[in-house]
Amino acid sequence: MDEIRIHGRGGQGSVTLAQLLAQAAHEEGTWAQAFPAFGVERRGAPVEAFARFDDEKITDRSQVDEPDYVIVQDTSLLEYVDVTEGLSEDGLVLVNTGADPEELDLETDAEVVTVDATDIALEHLGRPIMNTALLGAFAGATGLLGQDSMEAVITRKFSGEIGEQNVAATNDAYTEVSA
Amino acid sequence: MAKAEQNPSEEQKVMKGTSAVARGVMAANPDVVSAYPITPQTGVVEKLSDLVADGELDSEFIKVDSEFNAASTCIGASAAGARAFSATSSQGLKLMSEPLFTAAGMRLPIVMAVANRSLSAPLSIWADHTDAFAERDGGMMQFHAEDVQEAIDHVLMGFRVAEQVNLPVLSNFDGFILTHVQEPADIPTEEEVSEFLPPRDPEYTLDPSDPKTMGAFARPEHWTEARYEIQRAMEESKDVWAKTVEEFKEIFGRDYTEYNGMLDTYHGDADYRLVALGSMCGTIRKVIDEYRAEGVDVGLIRPRVHRPFPTEELREALGDAEAVGVLTKEMSPGYESALAGEIKGTLYHAENQPPIKSFVVGMAGRDITASDIGAMIEETMEASAPMAFDEQESWPQLREELLADGGD
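As you go down the protein sequences, you meet chains A and B in turn. For the first sequence, position 85 (counting from the first letter as 1) is numbered 90 according to the numbering used here, and the numbering increases by one without interruption. For the second sequence, position 131 (counting from the first letter as 1) is numbered 134 according to the numbering used here, and the numbering increases by one without interruption.
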């Protein structure tokens, strides 16, 4: 089982990112689950969302306390939230920032990958909605999801031009992190 | 039943629990949907309103001013012969309580999806079963879903049974845990459902051309019989349910036939058996796998149906256990959890009475972790009868530092 925890702020699309991850994994033919840390959603407040992928039907409904992967939407959280808590040593944390991994000084033995998803989102969408760029970066960093699967779920969720822009953001981030 | 009995398929859709349930309701083709919003149910009626507005569902979608009127609207519609649906949670279900008891007494086959949530106070929006258990004695059938697929399927099977025995249904699925999760589920098509669920054909309806009274005043010489008929219909519903799960399996391929559709088990013949309702059973399965890998013979007995109560099935499923642990998201202050009390009552006249420990957990959305469940398995393994009353039930997730006396 692959367990993913997403840290973001209310309004940044963390729940949508978890849902896109699960839908893309299902597109790849694995079982998948996505759910938010159930709270009273407030714009700007720290939020968490979770996703699980597995070859078997997923029955675990508890929150993800020991993730294999962590995604951080916003580095302003690092001061307040222990984003790598419980993260597997063999795992990976993906952070949305223009900084290099070593500059973040995260307390973890896991691999740290950075991508400037905000920049990619601004370029393609004209708005700092980073979740599709982070989806692509996650796929590029982990190899768990293919570009076709991501394109399929994004165009299902966002039609027309917005869909195309989001696919472009996903692919850009995918390529950047894979390279 | 096997944990991974099916593979993910391309037919499955990954969508939010509330949307998936709404799609299932649409396939049942209700004539009337009444709607009043409340977290975490709102997504169900919101989606149905979209489906009606988009022309995908041909139903009267009636927005009302309260849950009292949401249930009352269903009563009027159902009495006139319509297939009626609504959804609610928590305080909304409390406000529906009065009309729901009436619906049961009027023998109306209304189906309601209940996104389970705690009751105030303190105010909370998160899941437990306090709301469902508070309506336990009304004469509504009650089902508890473990996952999104069951939440859909229980609504469909609910209509099928309700319309044969003339009782309302509360189809429970845990708030947030199942309403706000996205996971794969088969969304039944209207064609499949029309084969399974024929149009409603009521024996009596309110009809101006053939006037009659429903839900009338009853004097002491008549009331008892009306209540007894509800009890008889509940008993009859067990056979109807057993047939319904068979028919469902024939048409949809999903197998809910274990123990006549009343119970679902996982290593049900284990020495130590846990009993629980709803979504926490998923996490329990995972922990059972871990304990079994260490040589601990532990299993799960999950009532799918809570009303009618699966008495004979539970006697068979629990009678020869070394010990039973009941994990429950409700309790009756002044006694103990209602589910534990019911299971003890059920086993009293059975051949064997295994010791029973009960655990109040997951209240108002407190996360039930694998280690919580592990600790409860270990406590169940140590249970032996007789037990003092204060040893029978514990609250393993209690944060004693928050108690008025600081836990002293």
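Derived from the structure by calculation, the hints contain no laboratory data. Worth double-checking, as some hints may not be accurate.
[Unchecked claim] In the DSSO-like style, the derived pairs of lysine-lysine whose C-alpha atoms are separated by at most 27 Å in a straight line are:
hint, chain 1, residue 1, chain 2, residue 2
1, A, 162, B, 241
2, B, 241, B, 347
3, B, 16, B, 289
4, B, 289, A, 62
5, B, 16, B, 252
6, B, 66, B, 97
7, B, 289, B, 252
8, A, 162, A, 62
9, B, 241, B, 252
10, B, 16, A, 62
11, A, 62, B, 215
[Unchecked claim] Partner residues aside, some chain A positions facing chain B, computed with beta carbon under 8 Å:
hint, residue
12, 31
13, 38
14, 70
15, 148
16, 152
Positions of the beta carbon are idealized from the N, C-alpha and C atoms, including for glycine.
Each hint, compared with the structure:
1. A/162 with B/241: violated, 42 Å
2. B/241 with B/347: holds, 21 Å
3. B/16 with B/289: holds, 24 Å
4. B/289 with A/62: Roughly 11 Å between the alpha carbons, so the hint for residue 289 of chain B and residue 62 of chain A holds.
5. B/16 with B/252: Roughly 20 Å between the alpha carbons, so the hint for residue 16 of chain B and residue 252 of chain B holds.
6. B/66 with B/97: holds, 19 Å
7. B/289 with B/252: holds, 26 Å
8. A/162 with A/62: holds, 24 Å
9. B/241 with B/252: holds, 17 Å
10. B/16 with A/62: Judged against 27 Å, a Cα distance of about 14 Å means the pair holds.
11. A/62 with B/215: Answer violated: residue 62 of chain A to residue 215 of chain B is near 52 Å, above 27 Å.
12. 31: holds, 5 Å
13. 38: Residue 38 of chain A check passes; min Cβ-Cβ to chain B is 5 Å, inside 8 Å.
14. 70: holds, 7 Å
15. 148: violated, 20 Å
16. 152: violated, 18 Å
Checked against the numbered hints above, the structure violates hints 1, 11, 15 and 16; every other hint is satisfied.
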